[in-house]
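Visitor: In case you want the letters, here they are:
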Amino acid sequence: MFLLRRLARLTVSLAVLLFASFSMIHLIPGDPVRASLGTAAPAELVAARRAELGLDEPIHQQLLGYLKGVLTGDFGTSLQTRETVAGIIADRLPSTAELAVLAALIALLVAIPMGMWLAIRTENGRNPGSELAFTTATGTIAAIPEFLLAVGLVVVFAITLGWLPPAGKDGPASYVLPVIALAVGPVAVLARLVRVEALRELDKDYLRMARAKHLPRRRLYLRHLLPNMLTATLTVGGLLLASLIPGTVLVENVFAWPGLGQRMTESILQKDYPVAQAVILVYGAIVLLVNFLVDVALGVLDPRSAIRGT
Amino acid sequence: MRALRSPAPLTGLLLVAAVLTLALLGPALWGESAARIDDGAILQGHSPAHPLGTDDLGRDLLARILVATRLSLLLACLATVVGVAIGLPLGVLPAVLPPRGARAAAGTINALVAFPGLLLAMFTAVVSGLGARGAVLGMGIATAPVLARLTQTLAASVANADYVSAARVLGVSRLRIAVRHVLPNIAEPLLLNITLLFGGSLLGLAGLSFLGLGVQPPDYDWGRLLFDGLSRVYVDPEAALGPAVAIGLAAVGFNLLGEGLAKAASRRAVVPRGAATGEALREARSEGVLSVRGLSVAFPGGAVPVRDVHLDVAPGEIVGVVGESGSGKSLTALAIGGLVPYPGEVTGGINLCGQDLSALSPGELRRLRGTSLAMVFQDPMTTLNPALRVGGQLAEVSTTHQKMPRKEALARAVDRLRRVRIARPEERARQHPHTFSGGMRQRAIIAMGLMGTPKLIIADEPTTALDVTVQRDILLLLREAAKEAAVILISHDIAVVSQLCDRVVVMYAGRVVEELTVAELRRARHPYTRALIAATPDLTTDRDKPLATIPGQPPSPFDDPDGCAFAPRCAAATSACRTTRPLLEDGIACLHPQSSD
Numbered sequence: 001m002f003l004l005r006r007l008a009r010l011t012v013s014l015a016v017l018l019f020a021s022f023s024m025i026h027l028i029p030g031d032p033v034r035a036s037l038g039t040a041a042p043a044e045l046v047a048a049r050r051a052e053l054g055l056d057e058p059i060h061q062q063l064l065g066y067l068k069g070v071l072t073g074d075f076g077t078s079l080q081t082r083e084t085v086a087g088i089i090a091d092r093l094p095s096t097a098e099l100a101v102l103a104a105l106i107a108l109l110v111a112i113p114m115g116m117w118l119a120i121r122t123e124n125g126r127n128p129g130s131e132l133a134f135t136t137a138t139g140t141i142a143a144i145p146e147f148l149l150a151v152g153l154v155v156v157f158a159i160t161l162g163w164l165p166p167a168g169k170d171g172p173a174s175y176v177l178p179v180i181a182l183a184v185g186p187v188a189v190l191a192r193l194v195r196v197e198a199l200r201e202l203d204k205d206y207l208r209m210a211r212a213k214h215l216p217r218r219r220l221y222l223r224h225l226l227p228n229m230l231t232a233t234l235t236v237g238g239l240l241l242a243s244l245i246p247g248t249v250l251v252e253n254v255f256a257w258p259g260l261g262q263r264m265t266e267s268i269l270q271k272d273y274p275v276a277q278a279v280i281l282v283y284g285a286i287v288l289l290v291n292f293l294v295d296v297a298l299g300v301l302d303p304r305s306a307i308r309g310t
Numbered sequence: 001m002r003a004l005r006s007p008a009p010l011t012g013l014l015l016v017a018a019v020l021t022l023a024l025l026g027p028a029l030w031g032e033s034a035a036r037i038d039d040g041a042i043l044q045g046h047s048p049a050h051p052l053g054t055d056d057l058g059r060d061l062l063a064r065i066l067v068a069t070r071l072s073l074l075l076a077c078l079a080t081v082v083g084v085a086i087g088l089p090l091g092v093l094p095a096v097l098p099p100r101g102a103r104a105a106a107g108t109i110n111a112l113v114a115f116p117g118l119l120l121a122m123f124t125a126v127v128s129g130l131g132a133r134g135a136v137l138g139m140g141i142a143t144a145p146v147l148a149r150l151t152q153t154l155a156a157s158v159a160n161a162d163y164v165s166a167a168r169v170l171g172v173s174r175l176r177i178a179v180r181h182v183l184p185n186i187a188e189p190l191l192l193n194i195t196l197l198f199g200g201s202l203l204g205l206a207g208l209s210f211l212g213l214g215v216q217p218p219d220y221d222w223g224r225l226l227f228d229g230l231s232r233v234y235v236d237p238e239a240a241l242g243p244a245v246a247i248g249l250a251a252v253g254f255n256l257l258g259e260g261l262a263k264a265a266s267r268r269a270v271v272p273r274g275a276a277t278g279e280a281l282r283e284a285r286s287e288g289v290l291s292v293r294g295l296s297v298a299f300p301g302g303a304v305p306v307r308d309v310h311l312d313v314a315p316g317e318i319v320g321v322v323g324e325s326g327s328g329k330s331l332t333a334l335a336i337g338g339l340v341p342y343p344g345e346v347t348g349g350i351n352l353c354g355q356d357l358s359a360l361s362p363g364e365l366r367r368l369r370g371t372s373l374a375m376v377f378q379d380p381m382t383t384l385n386p387a388l389r390v391g392g393q394l395a396e397v398s399t400t401h402q403k404m405p406r407k408e409a410l411a412r413a414v415d416r417l418r419r420v421r422i423a424r425p426e427e428r429a430r431q432h433p434h435t436f437s438g439g440m441r442q443r444a445i446i447a448m449g450l451m452g453t454p455k456l457i458i459a460d461e462p463t464t465a466l467d468v469t470v471q472r473d474i475l476l477l478l479r480e481a482a483k484e485a486a487v488i489l490i491s492h493d494i495a496v497v498s499q500l501c502d503r504v505v506v507m508y509a510g511r512v513v514e515e516l517t518v519a520e521l522r523r524a525r526h527p528y529t530r531a532l533i534a535a536t537p538d539l540t541t542d543r544d545k546p547l548a549t550i551p552g553q554p555p556s557p558f559d560d561p562d563g564c565a566f567a568p569r570c571a572a573a574t575s576a577c578r579t580t581r582p583l584l585e586d587g588i589a590c591l592h593p594q595s596s597d
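Read top to bottom, the protein sequences are chains F and G.
Here my numbering is used: position 54 in the first sequence is 54, and no number is missing along the way.
Here my numbering is used: position 588 in the second sequence is 588, and no number is missing along the way.
Just so you know, the hints here were simulated from the structure itself, not pulled from any lab data.
In this text, all values refer to a predicted model and were calculated from it rather than measured experimentally.
There's no promise every hint is true.
What the hints assert, rightly or not - Rough simulated footprint, nothing fancy, chain F against chain G, three-plus residues with beta-carbon under 8 Å:
{"hint": "1", "segment": "246-256"}
{"hint": "2", "segment": "311-320"}
{"hint": "3", "segment": "462-471"}
Claimed, not checked - Chain G stretches covered by chain F per the calculated footprint, using a threshold of three residues with CB under 8 Å from any CB of chain F:
{"hint": "4", "segment": "116-123"}
{"hint": "5", "segment": "397-403"}
All C-beta atoms, glycine included, are put in the ideal place defined by N, C-alpha and C.
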């Protein structure tokens with residue numbers, strides 16, 4: 001029941017997204033092809049490209065054609081480079097996915113131990129100094145957007161120190177800076193959340209019971225505390241992955257990373273509408289799907305959340 | 001404004017003030033040097049004349065950054081206005097529309113929030129053309145769903161408040177309710193969040209401009225300057241760092257200020273640290289299962305909920321500890337178990353199973369307490385770990401403290417579950433706690449206590465959270481367990497205690513006021529014990545009369561009166577009672593013991 005309802009919501013969202021991406025090219029004032037090719041382009045070329053995009057057909061046929069194209073993986077061809085859009089996406093998406101997944105994994109691996117450790121250190125108002133330092137530091141870091149961090153990282157580690165390549169995708173070393181730039185903000189956000197979540201669990205009766213059994217600390221925290229805060233943490237972790245995806249757009253532009261985000265920016269700047277249209281659709285669909293999968297996974301892990309979510 | 005005294009929000013306030021001042025004065029002060037084209041100084045790096053270098057027309061970059069403050073803030077302002085203009089009405093809709101429409105509105109908000117803001121902004125920027133106008137519109141549209149969700153949540157939180165219900169009963173229209181009753185009551189948190197959203201818009205616009213999708217030349221904001229600077233970052237890093245630092249400082253400023261204000265809005269009292277009161281440590285006896293001497297528990301700030309408690313428990317004995325809420329009985333139990341929560345400080349001597357606890361290392365302490373002491377708490381529904389199987393939770397006592405192999409420990413867990421009369425214990429051991437009823441959970445917890453070789457079981461109100469019908473089961477089980485171990489039963493219910501216990505210890509305001517056998521209860525001499533007994537109804541209680549109560553309140557754990565703590569509520573108190581503290585002698589601490597005649 002929960003799955004059906006959630007599936008219905010996903011379908012509606014995807015439909016809205018499809019319609020929005022379809023209408024994008026029509027909402028642009030004037031002739032999008034003329035705008036893209038420039039005023040100097042010969043009229044025949046513009047007419048040919050218009051025909052190719054189907055812009056001269058009645059609107060409902062265009063919509064049908066668009067839907068058919070999306071379903072068969074045919075997103076048209078670039079107005080500028082004449083590559084197929086599907087080819088561009090297949091070529092660029094893996095690089096972006098690598099960045100996002102690596103960053104999300106690192107964020108989880110760093111933030112969970114960090115948040116738990118701080119929760120244990122600051123339980124019941126112990127060590128108020130650590131608490132203040134932690135919340136201030138994470139608050140500040142979380143406020144700095146990834147592209148600024150990326151610029152800072154390039155200047156310090158690539159240019160001043162020369163330890164790591166400043167741009168491009170070439171070997172493992174080139175992953176370090178983009179992944180750090182993407183992961184630092186999520187680490188701060190997630191560590192705060194883990195700490196609050198852990199503090200809440202630490203206060204519960206079952207942990208007092210576990211303490212009354214005088215178990216070693218490691219067992220107390222890893223066996224009794226960790227599983228109970230994992231659901232909330234993984235939810236946010238999943239949503240974080242979804243929020244990392246737009247972050248990749250900016251970070252890719254700083255590091256000239258050959259991913260989808262960089263290509264999207266280029267296509268918008270060059271008014272290469274078929275590419276921009278398809279890439280926005282892909283990004284939106286990925287975010288919606290990730291959110292959906294997180295919800296479903298949660299519903300399986302913790303049946304209570306399925307009821308709450310509806 | 002107390003929040004502003006702590007360093008983080010104060011830093012935020014200073015940063016925001018600096019940025020606002022720059023936005024006001026920047027263009028007037030540096031506008032000219034920011035626009036002055038100098039053919040002789042094109043694309044220069046850092047120099048005394050140009051601290052951050054110059055751009056491709058030889059214009060001073062520092063001046064340009066300072067001047068760009070105004071446009072950056074202005075655009076963020078506009079984007080926030082657009083976001084509020086769309087988001088606020090959208091967020092109020094679910095509260096205003098009839099149910100069907102409200103669901104549709106809430107659904108729309110949900111669908112929109114799911115889309116990442118940057119994508120929405122880029123979409124809008126494509127449609128409305130590259131430039132500041134498109135970026136502002138895009139950022140505003142990206143902000144709107146977030147604000148709508150927030151408004152919706154806040155509105156829902158007051159939707160059932162009495163004043164809203166009253167207005168509804170009076171037939172006030174939904175729109176009027178929203179505008180007159182709901183919005184004013186959520187205005188404060190809303191404004192606070194709009195401040196935070198403003199910071200977000202500032203960053204979002206900087207990001208768009210940085211991608212080249214926002215402000216276009218000849219205009220420039222921080223994002224545009226960063227865009228220009230990044231292309232020459234290898235040669236002159238300061239050209240990119242300058243705008244990056246400006247954006248970062250502004251973002252951090254708004255964030256710190258917003259968070260500080262939010263925290264101030266929901267601040268809870270902070271307990272100041274103070275010195276614990278030290279009481280003389282006395283030698284505890286080493287015979288018996290437990291001997292407690294001069295036990296005190298103090299919290300910083302002067303609260304001393306347990307004062308100078310003495311308690312002895314003989315093997316196999318069932319001792320009841322009774323008293324009102326706040327009499328210190330539970331904390332006494334926690335102190336014996338080594339579980340007093342931070343920052344409480346425990347002083348006094350405790351001797352458990354012939355071992356002086358103060359002489360043991362932390363590891364020895366854990367082992368001793370883990371095997372010879374078992375605790376049963378009040379609410380079995382929350383005491384078992386919901387994520388772990390019941391059998392495993394029992395078995396880990398033996399695997400950790402007795403180094404028993406896991407399989408053997410699990411077999412022992414099944415055996416103990418059987419002993420507390422849980423049906424099909426093999427199957428039950430493999431289940432999670434949520435499949436157990438409250439009574440079964442409490443039995444499982446007692447079984448957990450029986451995993452080791454407990455010499456003492458401390459049960460803190462073990463039946464309070466249970467059905468009356470299962471209370472008896474649990475008490476009988478405890479009595480059965482007491483054949484091997486001594487039991488301390490903590491309860492506010494003197495009837496429960498008198499059914500089960502051999503001896504009763506009565507606590508008041510953190511001190512033991514009377515100790516007596518159950519048989520002596522009817523002849524209790526302390527006025528407080530007598531009042532407790534009188535307040536317990538039984539089958540012979542005249543139901544036409546109101547139940548007897550003890551007038552007044554127990555003293556706060558912060559107060560330590562010179563005299564008897566019960567004197568203000570005691571009918572027998574004299575002036576001596578208020579000045580002289582009675583000591584526990586011959587099982588009673590009272591200057592005027594009563595006699596039953």
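Visitor: The structure should be examined with respect to each hint, and the outcome stated for every one.
Guide: Status of the hints after comparison with the structure:
1. 246-256: It holds: at least three residues are needed, and the segment 246-256 of chain G offers 7 whose Cβ sits within less than 8 Å of chain F.
2. 311-320: Coverage by chain F is violated for the segment 311-320 of chain G (0 residues, Cβ < 8 Å).
3. 462-471: With 0 residues closer than 8 Å to chain F, the segment 462-471 of chain G misses the three-residue bar; violated.
4. 116-123: As far as the segment 116-123 of chain G goes, the hint holds, because 6 residues have Cβ atoms under 8 Å from chain F.
5. 397-403: holds (count 3)
In summary, the structure is inconsistent with hints 2, 3 from the numbered list given earlier, while agreeing with the others.
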